[in-house]
Amino acid sequence: DTGVSQDPRHKITKRGQNVTFRCDPISEHNRLYWYRQTLGQGPEFLTYFQNEAQLEKSRLLSDRFSAERPKGSFSTLEIQRTEQGDSAMYLCASSLKGTSGNTIYFGEGSWLTVV
Amino acid sequence: AQSVSQHNHHVILSEAASLELGCNYSYGGTVNLFWYVQYPGQHLQLLLKYFSGDPLVKGIKGFEAEFIKSKFSFNLRKPSVQWSDTAEYFCAVKSTGGGNKLTFGTGTQLKVEL
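Protein chains in written order, with my numbering: chain A, 1 to 115; chain S, 116 to 229.
Looking at chain S on its own, in the form it has when it is part of the complex:
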């Protein structure tokens, strides 16, 4: 069974600081990887996704993530965060070998202070 670990449960940063949120998955086969964001009071929104090709993927709002297959990791990064990035961030994995369910991590609550 696949699983996802997000090691940082709560992160507090000042505006303009750089962000990196860790995500590791456990699955032996080929996967698709996602980062979703949930702003306060809103629904889950897709930030970015990796299916194949260039392991560095760029998403909306200046976010990017790098897939490192050897480390089973898909860390989310942003060079300079803004107050409006305050939200909960979820990493998710979907196997490509059949089935369509997403397996989510427990999420990272990011708070950006002015």
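In isolation and in its complexed conformation, chain A is listed as follows:
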């Protein structure tokens, strides 16, 4: 499978713990995005990278959230001191600048449940 892959697919954690999600984009895609989706809502933009540079961050991305893409390939999203309100699906997506209008392809998401 050459699509966007995310790991883990499901994570249950206790409030206050830290969690980290990993995303491997489609090979050669230079843009990588993180979105969050809660039940009954559409995905909400969190942040995006072009290569290793984080170019845009949403106000939704509080200080407890940090995303990295150290070598311009895979990315990690860490949530520190999780809260119940962090429970959501975290979606990763990727695109290739300059092709097909930068069509964005999504992964299957990582479900987070904070108890």
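Do not rely on the hints blindly, as some may be mistaken.
[What the hints assert, rightly or not] Once the Cα atoms are required to be at most 16 Å apart in a straight line, the calculated EDC-like pairs of lysine to aspartate or glutamate come out as: (1) Lys173(S) to Glu135(S); (2) Lys11(A) to Glu108(A); (3) Lys176(S) to Glu203(S); (4) Lys216(S) to Glu56(A); (5) Lys216(S) to Glu44(A); (6) Lys226(S) to Glu135(S).
Please keep in mind that the hints were generated in silico from the structure rather than gathered at the bench.
Starting from the structure of chain A, add chain S where the hints point.
Showing chain S alone in chain A's frame:
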């Protein structure tokens, strides 16, 4: 800031019925428009997109959408739905003036009954 409204949250149709899902966006500049579909247990998949040119765009699986600039709308249509079209449908907009984020609507849950 751009926003997207999908007025139909739940739609139930019988097989062979025609489908139209509404999508309106709010943004003053030039936009790219998308419809994504999420089948049960699967990831978001692109159905179709509009960037420029012919405002009537055709996508996969017999879906089409029409961009009406004066109405800020991008409604999704299919002449005859199938049971396999049961899914959640999301409209999304991206401004062309910089930035690369997609702004999504809240989605429409479509159920097609046999």
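Which of the stated hints cannot be reconciled with the structure, identified by number in ascending sequence?
none
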